[in-house]
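S.K.: So you can see what is in the structure, the chains are spelled out below.
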Amino acid sequence: MNPQQYRLEDLARLVQGECVGQADLILKGLASLDSAESRHLAFVNGEKYLEQALQSKAGAFIVTADLKDLLVEHQNFIVVANPYLAFAILTHTFEVKHTEQGIESTAQIHPSAIISDTAYIGHYVVIGANCVVGDDTIIHSHVSIHDGVEIGRGGLIESHVNLMSCKIGDRVRIHANTVIGSEGFGFAPYQGKWHRIAQLGSVIIGNDVRIGSNCSIDRGALDDTIAGHLNIVDNVTLTGMSMVTNNISVAGTYSSGIGLFENQKWKRTVVRLRQLADVPLTQLVKKLDHMQAQIESLESTIKLRK
Amino acid sequence: MNPQQYRLEDLARLVQGECVGQADLILKGLASLDSAESRHLAFVNGEKYLEQALQSKAGAFIVTADLKDLLVEHQNFIVVANPYLAFAILTHTFEVKHTEQGIESTAQIHPSAIISDTAYIGHYVVIGANCVVGDDTIIHSHVSIHDGVEIGRGGLIESHVNLMSCKIGDRVRIHANTVIGSEGFGFAPYQGKWHRIAQLGSVIIGNDVRIGSNCSIDRGALDDTIAGHLNIVDNVTLTGMSMVTNNISVAGTYSSGIGLFENQKWKRTVVRLRQLADVPLTQLVKKLDHMQAQIESLESTIKLRK
Amino acid sequence: MNPQQYRLEDLARLVQGECVGQADLILKGLASLDSAESRHLAFVNGEKYLEQALQSKAGAFIVTADLKDLLVEHQNFIVVANPYLAFAILTHTFEVKHTEQGIESTAQIHPSAIISDTAYIGHYVVIGANCVVGDDTIIHSHVSIHDGVEIGRGGLIESHVNLMSCKIGDRVRIHANTVIGSEGFGFAPYQGKWHRIAQLGSVIIGNDVRIGSNCSIDRGALDDTIAGHLNIVDNVTLTGMSMVTNNISVAGTYSSGIGLFENQKWKRTVVRLRQLADVPLTQLVKKLDHMQAQIESLESTIKLRK
Chain P
2 MNPQQYRLED LARLVQGECV GQADLILKGL ASLDSAESRH LAFVNGEKYL
52 EQALQSKAGA FIVTADLKDL LVEHQNFIVV ANPYLAFAIL THTFEVKHTE
102 QGIESTAQIH PSAIISDTAY IGHYVVIGAN CVVGDDTIIH SHVSIHDGVE
152 IGRGGLIESH VNLMSCKIGD RVRIHANTVI GSEGFGFAPY QGKWHRIAQL
202 GSVIIGNDVR IGSNCSIDRG ALDDTIAGHL NIVDNVTLTG MSMVTNNISV
252 AGTYSSGIGL FENQKWKRTV VRLRQLADVP LTQLVKKLDH MQAQIESLES
302 TIKLRK
Chain G
2 MNPQQYRLED LARLVQGECV GQADLILKGL ASLDSAESRH LAFVNGEKYL
52 EQALQSKAGA FIVTADLKDL LVEHQNFIVV ANPYLAFAIL THTFEVKHTE
102 QGIESTAQIH PSAIISDTAY IGHYVVIGAN CVVGDDTIIH SHVSIHDGVE
152 IGRGGLIESH VNLMSCKIGD RVRIHANTVI GSEGFGFAPY QGKWHRIAQL
202 GSVIIGNDVR IGSNCSIDRG ALDDTIAGHL NIVDNVTLTG MSMVTNNISV
252 AGTYSSGIGL FENQKWKRTV VRLRQLADVP LTQLVKKLDH MQAQIESLES
302 TIKLRK
Chain Z
2 MNPQQYRLED LARLVQGECV GQADLILKGL ASLDSAESRH LAFVNGEKYL
52 EQALQSKAGA FIVTADLKDL LVEHQNFIVV ANPYLAFAIL THTFEVKHTE
102 QGIESTAQIH PSAIISDTAY IGHYVVIGAN CVVGDDTIIH SHVSIHDGVE
152 IGRGGLIESH VNLMSCKIGD RVRIHANTVI GSEGFGFAPY QGKWHRIAQL
202 GSVIIGNDVR IGSNCSIDRG ALDDTIAGHL NIVDNVTLTG MSMVTNNISV
252 AGTYSSGIGL FENQKWKRTV VRLRQLADVP LTQLVKKLDH MQAQIESLES
302 TIKLRK
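Residue numbers (the working numbering), protein chains in the order written: chain P, 2 to 307; chain G, 2 to 307; chain Z, 2 to 307.
A portion of the hints provided could be inaccurate.
Unchecked claim - Over the 12 Å line for every Cβ pair with chain G, so calculated as not near, a few chain P residues:
no., residue
1, L55
2, V80
3, D136
4, D137
5, R154
6, M165
7, E184
8, Y191
9, Q200
10, P281
As the list claims (entries may be wrong) - Keeping only pairs whose Cα atoms sit at most 35 Å apart, straight-line, the calculated DSBU-like set for lysine-lysine is:
no., chain 1, residue 1, chain 2, residue 2
11, Z, K58, P, K58
12, P, K266, Z, K168
13, Z, K287, P, K304
14, G, K268, P, K266
15, P, K49, P, K98
16, P, K288, Z, K288
17, Z, K268, Z, K287
18, Z, K266, Z, K304
19, Z, K287, Z, K304
20, Z, K58, G, K194
21, G, K98, G, K194
22, Z, K194, P, K268
23, P, K98, P, K58
24, Z, K287, G, K266
25, G, K266, G, K287
26, P, K168, Z, K287
27, G, K268, P, K194
28, Z, K58, P, K287
Treat the hints as calculated values from the structure; they're not laboratory data. Even glycine gets a Cβ: it sits at the ideal position worked out from N, Cα and C.
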């Protein structure tokens, strides 16, 4: 899948490291110490991996100077201060890049939409009126972009993403099947009935935001908390299956997806979750501390009376 | 995005309120007190927003009679008993309405399907054999409707929704990327093995139901609990990312999607969740109460012996 | 929707049961005891359903020999040792089978992809370069299959599924809107900043795996835990809305989707969840046990001093 190949000294240069050994060794990928073969570059993330590194069949290793001296049986190295960071940088070198530009013939694009010449629009994408797609942005198949949505430069929008009532910044990566700007839920209670509030707000996503697969980010009603907009600042990462109903005003990584449990344990966990609403957790901890103090007081009273 | 404009007195009439001030003032939207400009209508939800209302640049305000008297620096009002309800009603007035009807040329519709002339079927929608789509129902792009599914009148089905083995009532709103009627999980245990039960049931959704984005509602097996069908009654709201595997027989709002946590806190929360199955929560609370009683009994015993 | 009809004795033979009564009785489906009509076959899952079985209008019943003797008012039976297992087997007989083969005209398939002649590819499916789809595999509409993905024989891939960087075994069922192989999240911390690690790994799914709707299975970075691949062994079931970020090395059923809560209760539950990170649950249980022991010790001390 990846035809890219690099010489050891070129890779060393990319991470500002020292090339030791066969400078023109051809490497075709990164691999872990255990699975690496002779055309792979592996990295040694500290002394605790020394034994694995000694056994590894990798053609070359990203190491610190200290580690290099311990790996006497190996010949080819990229020596850096921080091997993990160098590895992180090189993953981008070996990543398969999307190089296509242009609009697939099956995409349906409203005449009033403005699509950059350097963007890529995949098969069966639907783009509505007055939309904008910026330079170098890649939109995979089956994406649905509703009227008025604007997307900045250098973005990646994966398949089956749904964008409504939103404005997306630069270098934003939105993974598959995520929904942005669908209608949130607002109700005005009156005389025992709930009256639906149509959500007139929108979602504003800053620059350098990453949003995992199967996330939902609802647009808000207009109210005093969010002034009509749900706003996500620059440099935010939302991991997979997160749900967003409020502003995110501090950069960082946010989550609400739960990883797997074995099914029987999960069923017991959900039973506990159903009890949780009625268990005053923090109060319970305080009560316990209070009781502990009472017991100790009783103990010393009894001791004194001996 | 919204070319609609209304005169103040017309908006007042829509909510059966009193128009005070410039009757022909043109308003183009609703806004919060803070973000409103001169062409916006804002609402004041009680005295605690008085200071914000005084500072607001809104062209007109929805208020109670009492609040109006306090906002001496403003001139234009809609006076009602319940400003929040009036606001809820007017959100529908300013909501962008879908006015298109008919079937996009790229939709694939089985010849045996019956589609109302007043319905709208978006690009790349696929509709199977013997399906029915009622009057004024709007189906966004990329929706997949499998054989035999019936949808009532006045519905909204957003992009990438998947409908299988189900019957949908009138005025049902299903938000993007939700899956209804996919196969639930049933297994018959026998001699240490699990035998899959094919799920022959279906999902029946009543009238005036709203289902958020990225929800899953599985069809059931046929069994004594659900008599072959999973049934959701009228007037149910399912918020985003909810999962439904059982009947809903009482109208109301239901949820199971979790909002965002900061990632490090979330990781600690999930660690606790993994412990939760083995913590007998309600028993623990009872035990604590019992121990409290024991301590108090000890304390009074000791007091008596002084 | 299901034109299949079977004679009672033929159904009995399929489950190696004894046919009692009218051997040529025509049955058109399975139903629960309560909803069954005269052309339905129902099953009696133990004596506790005896009263319901006596009242049932089903044309025939799957029973044990003991149960048959108690159902004196009914005439037609399939007598087996395990009625629930027989029912599970017969659900497959009555299940509507997908019988179409071939490729819909609107599917976009890269010339280098290899599609079995006995596979079915639905409308608007997009299949990338070097993909493989095995015999008898069924792919519903709007599925997106990216470059290099291989799918084995006898699989079912429902609508809006997204497959990237993955290899899928034989007889794998993936329900609607699930995402496999989207990019997981990896960051290398350096000087207070986070550097994104491009995820070069892939997802490998074994044979006989079932994956519910709206699940996310992320591909990993390459690291020592997963050697570049996230691996799911044979015979795994993932229920709806599960999230997978690690290997699954033991066959079984796994979950992380939460079923519905009434909305107000859910809000209280989420408040508790937000406290949970700071409540040392297992420690708390131990502390409670320790305090219980202290109290008992105090009680016996006091008793002794009487």
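S.K.: Would you mind marking each hint as holding or not holding in the structure?
M.R.: Going down the list of hints, with the structure as the test:
Non-interface call for L55(P) relative to chain G: holds, since the shortest CB-CB distance, roughly 33 Å, exceeds 12 Å. Non-interface status of V80(P) relative to chain G is upheld: no Cβ of that chain comes within 12 Å, the nearest being about 33 Å off. Even its closest Cβ contact with chain G, about 24 Å, leaves D136(P) beyond 12 Å, as expected for a residue assigned away from the interface. At the 12 Å boundary, the C-beta of D137(P) stays outside the reach of chain G, the nearest C-beta of that chain being 25 Å off.
Non-interface status of R154(P) relative to chain G is upheld: no Cβ of that chain comes within 12 Å, the nearest being about 22 Å off. With a minimum CB-CB distance of about 8 Å to chain G, M165(P) fails to clear the 12 Å threshold, and the non-interface call is violated. Against the 12 Å criterion, E184(P) falls within the reach of chain G, whose nearest CB is about 6 Å from its own CB. Once the 12 Å rule is applied to beta carbons, Y191(P) is inconsistent with being away from chain G; the minimum gap is 5 Å.
With a cut of 12 Å on Cβ distances, Q200(P) falls inside the contact zone with chain G, its closest approach being about 8 Å. Against the 12 Å criterion, P281(P) falls within the reach of chain G, whose nearest CB is about 8 Å from its own CB. Taking the CA atoms of K58(Z) and K58(P), the gap is about 70 Å. The hint is violated against a cut of 35 Å. Annotation: proposed proximity of K266(P) to K168(Z) holds, straight-line Cα distance about 29 Å (limit 35 Å).
For the given pair, K287(Z) sits about 25 Å from K304(P) by alpha-carbon distance, which is consistent with the 35 Å threshold. The straight-line distance between the Cα atoms of K268(G) and K266(P) is roughly 18 Å, inside the 35 Å bound, and the hint therefore holds. Distance hint between K49(P) and K98(P) is fulfilled; the C-alpha atoms sit about 34 Å from each other, no more than 35 Å. Of the supplied pair hints, the one linking K288(P) and K288(Z) holds, its CA atoms being roughly 12 Å apart against a limit of 35 Å.
Using a Cα cut-off of 35 Å, the hinted pair K268(Z) and K287(Z) holds, with the two alpha carbons roughly 29 Å apart. Restraint check for K266(Z) and K304(Z): not satisfied, since their Cα atoms lie roughly 46 Å apart, outside the 35 Å limit. Among the hinted pairs, K287(Z) with K304(Z) is consistent with the structure: their alpha-carbon atoms are about 26 Å apart, no more than 35 Å. Of the supplied pair hints, the one linking K58(Z) and K194(G) holds, its CA atoms being roughly 32 Å apart against a limit of 35 Å.
Distance check on the hinted pair: K98(G) and K194(G) sit about 54 Å apart at the alpha-carbon level, beyond 35 Å; violated. With a C-alpha separation of about 39 Å, the suggested pair K194(Z) and K268(P) falls outside the 35 Å cut-off, and the hint is violated. Taking the CA atoms of K98(P) and K58(P), the gap is about 27 Å. The hint holds against a cut of 35 Å. For the suggested pair K287(Z) and K266(G), the alpha carbons sit about 23 Å apart, so the restraint of at most 35 Å is met.
Note on K266(G) and K287(G): the hinted pairing holds, with a Cα-Cα distance of about 29 Å set against a maximum of 35 Å. With a C-alpha separation of about 51 Å, the suggested pairing of K168(P) with K287(Z) is violated against the 35 Å cut-off. The straight-line distance between the Cα atoms of K268(G) and K194(P) is roughly 39 Å, outside the 35 Å bound, and the hint therefore fails. Among the hinted pairs, K58(Z) with K287(P) is inconsistent with the structure: their alpha-carbon atoms are about 60 Å apart, more than 35 Å.
Violation of the numbered hints given earlier is confined to hints 6, 7, 8, 9, 10, 11, 18, 21, 22, 26, 27 and 28; the remaining hints are satisfied by the structure.
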